[in-house]
Amino acid sequence: MDEILAKSAQSSAPALWVGAAFAVSFGLVVAGSLGAALLKNLLHAVLFLALALLGVAGLFLMLSSTFLFVVQILVYVGGVVILLIFGVMLTSKMAQPDIPPRNRQTLAAALLALLLFCATAYVLTTHPWMVSAEPPAVPVAEIGVGLLQKYVLPFEIVSVVLLVAMVGAIVLARREPESK
Amino acid sequence: MVGASELWQQMRYLMPEGLLLCAGLVILLFDLVVKKGRSLYPLAMLATAGAAALALLPLESSEPLFFGMIQSDAFARYFKVFSALAGFLVVLMSMDYKPLPARFVGEYLGILVLALAAIMLLAESTNLLMIFLSLEFLSLSSYILVGFLRNDKKSKEASLKYFLFGAMCTAVMLYGFALLYGASGSLDLPAIKAAFANRQNTPLTCLAMLFILAGFGFKVAMVPFHAWVPDAYEGAPTPITAFLSVGSKAGGFAVLLRVFFTVFPGLDYHPYWLAVVGVLAVFTMTVGNVIACSQDNLKRLLGYSSIAQAGYVLLGFVVMDGRFTQPAVMIYLLAYLFMNLGAFVVVIVIANTTGQEEIDDLAGLSERSPLLAWSMFIFLLSLAGVPPLGGWIGKYYIFATLVKGYLEGLSGGNLMLWFAVALAVNSVIAAYYYFRIVKAMFFEHARERMARPVVGGPLLTALYVSLILTFAVGLWPQPFLNWVSRMALPLL
Chain A
1 MDEILAKSAQ
11 SSAPALWVGA
21 AFAVSFGLVV
31 AGSLGAALLK
41 NLLHAVLFLA
51 LALLGVAGLF
61 LMLSSTFLFV
71 VQILVYVGGV
81 VILLIFGVML
91 TSKMAQPDIP
101 PRNRQTLAAA
111 LLALLLFCAT
121 AYVLTTHPWM
131 VSAEPPAVPV
141 AEIGVGLLQK
151 YVLPFEIVSV
161 VLLVAMVGAI
171 VLARREPESK
Chain B
1 MVGASELWQQ
11 MRYLMPEGLL
21 LCAGLVILLF
31 DLVVKKGRSL
41 YPLAMLATAG
51 AAALALLPLE
61 SSEPLFFGMI
71 QSDAFARYFK
81 VFSALAGFLV
91 VLMSMDYKPL
101 PARFVGEYLG
111 ILVLALAAIM
121 LLAESTNLLM
131 IFLSLEFLSL
141 SSYILVGFLR
151 NDKKSKEASL
161 KYFLFGAMCT
171 AVMLYGFALL
181 YGASGSLDLP
191 AIKAAFANRQ
201 NTPLTCLAML
211 FILAGFGFKV
221 AMVPFHAWVP
231 DAYEGAPTPI
241 TAFLSVGSKA
251 GGFAVLLRVF
261 FTVFPGLDYH
271 PYWLAVVGVL
281 AVFTMTVGNV
291 IACSQDNLKR
301 LLGYSSIAQA
311 GYVLLGFVVM
321 DGRFTQPAVM
331 IYLLAYLFMN
341 LGAFVVVIVI
351 ANTTGQEEID
361 DLAGLSERSP
371 LLAWSMFIFL
381 LSLAGVPPLG
391 GWIGKYYIFA
401 TLVKGYLEGL
411 SGGNLMLWFA
421 VALAVNSVIA
431 AYYYFRIVKA
441 MFFEHARERM
451 ARPVVGGPLL
461 TALYVSLILT
471 FAVGLWPQPF
481 LNWVSRMALP
491 LL
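Just so you know, the protein sequences line up as chains A and B, in that order. Take 1 as the starting number for the first sequence in this note's numbering and just add one per residue. Take 1 as the starting number for the second sequence in this note's numbering and just add one per residue.
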């Protein structure tokens with residue numbers, strides 16, 4: 001928050017506006033995640049997930065990662081969420097809102113999560129972060145060069161991982177010919 | 001800027017995993033053309049054997065390769081040999097595993113071979129992005145392989161549970177990576193170490209490492225990230241259970257060793273951190289051993305036993321001293337590879353004969369098939385750590401490492417003595433359930449309808465290889481020890 005405000009001072013946008021934008025993004029993420037985890041109706045949960053992902057996109061924008069902002073919206077909000085909605089709607093059992101999202105261990109899990117949150121929050125707020133003087137703007141061209149230079153090996157491996165995921169999805173999800 | 005020709009030069013260090021990647025893709029392609037999936041087995045065997053041979057070539061470089069993404073040093077080469085060898089045995093075991101649906105053999109072998117390449121990449125990654133990617137590669141292929149028994153509800157359930165646990169642990173680990181990146185400003189392990197070397201450490205790095213441990217701990221089945229093990233082990237096709245217990249566990253330990261030894265010497269949190277790992281290790285072996293005592297299903301029992309074994313290996317990490325820790329962990333894993341795969345070979349034969357995998361199905365095995373009974377006896381003795389077998393050498397080195405750490409007055413020495421005691425106590429508990437199996441095999445009579453188990457050529461080969469090497473590591477450990485110490489990571 002402080003860093004963002006400091007940056008905004010340099011980019012001469014009013015701090016109040018930046019604060020408000022941050023609050024909106026933050027609220028979207030938290031509300032969206034809570035809805036995705038707690039709602040009974042799976043379709044509603046997916047829609048809330050889309051809200052959370054939008055909020056994340058907003059955070060990317062405020063960190064001046066414009067490329068990530070666009071990709072986040074295109075891929076996650078536009079692609080993944082749509083696929084999820086298709087998945088929920090095409091799976092007849094899943095669309096019925098009678099799958100309880102909670103079980104006996106909810107309370108223990110919530111307490112543990114709260115504990116973890118407090119510890120993480122404490123550590124994150126007390127850490128002396130290095131604040132870079134200017135926002136690390138990465139031009140898209142540089143990302144393209146990076147994919148064929150520094151990141152060429154991970155880039156190639158990703159393609160195999162995706163292939164494995166695709167083949168695996170078909171093997172696991174395909175209907176057996178016997179059961180037709 | 002590194003030119004294309006230089007990258008081409010660097011490719012020669014990636015020959016074993018390159019061969020496996022190509023073989024995996026070729027198998028997937030051939031599967032479209034060849035109608036009989038079984039004809040793909042020789043191809044997979046050739047690929048794994050070839051990868052093992054390539055990995056044995058002394059091609060290593062202490063220079064960072066591919067812009068610091070990987071480092072194909074002796075340490076990585078050790079795990080490449082390990083993974084290819086494990087893969088070869090698992091392919092042999094799969095050949096005669098009856099429940100595997102014949103129409104999916106191509107996909108099964110293809111993904112298995114690619115998963116072996118993932119282990120190799122994991123062992124040589126020196127960049128957080130690359131570590132994450134190869135870990136996910138290995139995890140994704142494992143989730144799929146676990147669910148290959150399409151008509152078995154348990155297999156589907158196992159796959160889903162494994163996936164959900166894995167996704168959770170990966171997310172936590174990724175958060176840890178992000179924190180580490182935020183604290184150090186780099187994804188490369190050497191740069192992270194350099195960033196920590198000249199700065200006072202903060203709670204942030206500790207938190208980050210704890211989160212990262214969740215991801216690695218999931219792979220090696222460390223308590224409290226072990227909950228997936230029993231179900232995944234029971235539901236998976238048995239050769240895949242064997243693969244998970246050996247191959248993917250070794251991958252987890254490889255990356256754990258590398259991260260510990262590359263990043264940690266710069267951390268001041270050493271003693272506390274080692275206490276954390278030590279206590280987790282003691283929990284891991286105790287939980288594994290105690291629950292294993294009440295298991296009746298062989299695969300579940302071996303699953304809990306493998307949790308316990310992971311605990312023993314983790315104890316090696318407590319003495320964060322390069323002279324001791326690495327050889328101890330590496331020799332333990334080597335012995336564990338052969339004894340555990342051997343035990344699973346016997347389980348496969350039993351399952352092929354009776355269609356089940358309960359301890360009762362082993363009743364009177366010494367009358368029905370003395371060879372199997374005695375081999376299983378040897379493997380169990382070795383798992384229990386009885387001399388002069390491979391498992392004993394491994395356990396001895398872990399134990400000796402702890403005692404040495406105590407005697408040399410390393411930080412937290414007294415704690416190490418307690419850990420050594422815990423190891424001894426746990427070995428006794430473990431002996432109880434291993435001998436339950438022995439009792440069933442030798443002192444109980446077979447039910448009347450039980451058929452004599454038939455062992456086919458591939459399973460017999462896997463059995464003999466495991467048997468011979470279990471003996472070899474135990475009776476003639478010096479060459480293996482020399483090899484392992486030569487392959488250890490350079491001390492920093």
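Errors might be hidden in some of the hints.
Claimed, not checked - Straight-line Cα separation of at most 30 Å, BS3-like style, residue types lysine-lysine; simulated pairs: (1) B:K439 <-> B:K154; (2) A:K150 <-> B:K98; (3) B:K36 <-> A:K40; (4) B:K35 <-> A:K40; (5) B:K154 <-> B:K36; (6) B:K156 <-> B:K36; (7) B:K193 <-> B:K36; (8) B:K153 <-> A:K40; (9) B:K193 <-> B:K404; (10) B:K154 <-> B:K193; (11) B:K36 <-> B:K98; (12) B:K156 <-> B:K35; (13) B:K193 <-> B:K98; (14) B:K35 <-> B:K193; (15) B:K404 <-> A:K40.
Hint data in this document are derived by calculation from the structure and do not stem from the laboratory.
Right, here's what the structure says about each hint:
1. B:K439 <-> B:K154: The hint holds at about 28 Å.
2. A:K150 <-> B:K98: Violated, at roughly 46 Å.
3. B:K36 <-> A:K40: 46 Å, violated
4. B:K35 <-> A:K40: 46 Å, violated
5. B:K154 <-> B:K36: 27 Å, holds
6. B:K156 <-> B:K36: Given pair B:K156, B:K36 holds - Cα atoms ~25 Å apart, limit 30 Å.
7. B:K193 <-> B:K36: The given pair, whose Cα atoms are some 52 Å apart, is violated under the 30 Å limit.
8. B:K153 <-> A:K40: 26 Å, holds
9. B:K193 <-> B:K404: 27 Å, holds
10. B:K154 <-> B:K193: 44 Å, violated
11. B:K36 <-> B:K98: 15 Å, holds
12. B:K156 <-> B:K35: Between B:K156 and B:K35 the Cα gap is close to 26 Å, so the pair holds against 30 Å.
13. B:K193 <-> B:K98: Given pair B:K193, B:K98 is violated - Cα atoms ~49 Å apart, limit 30 Å.
14. B:K35 <-> B:K193: Not OK: B:K35 and B:K193 at ~52 Å, beyond 30 Å, violated.
15. B:K404 <-> A:K40: 57 Å, violated
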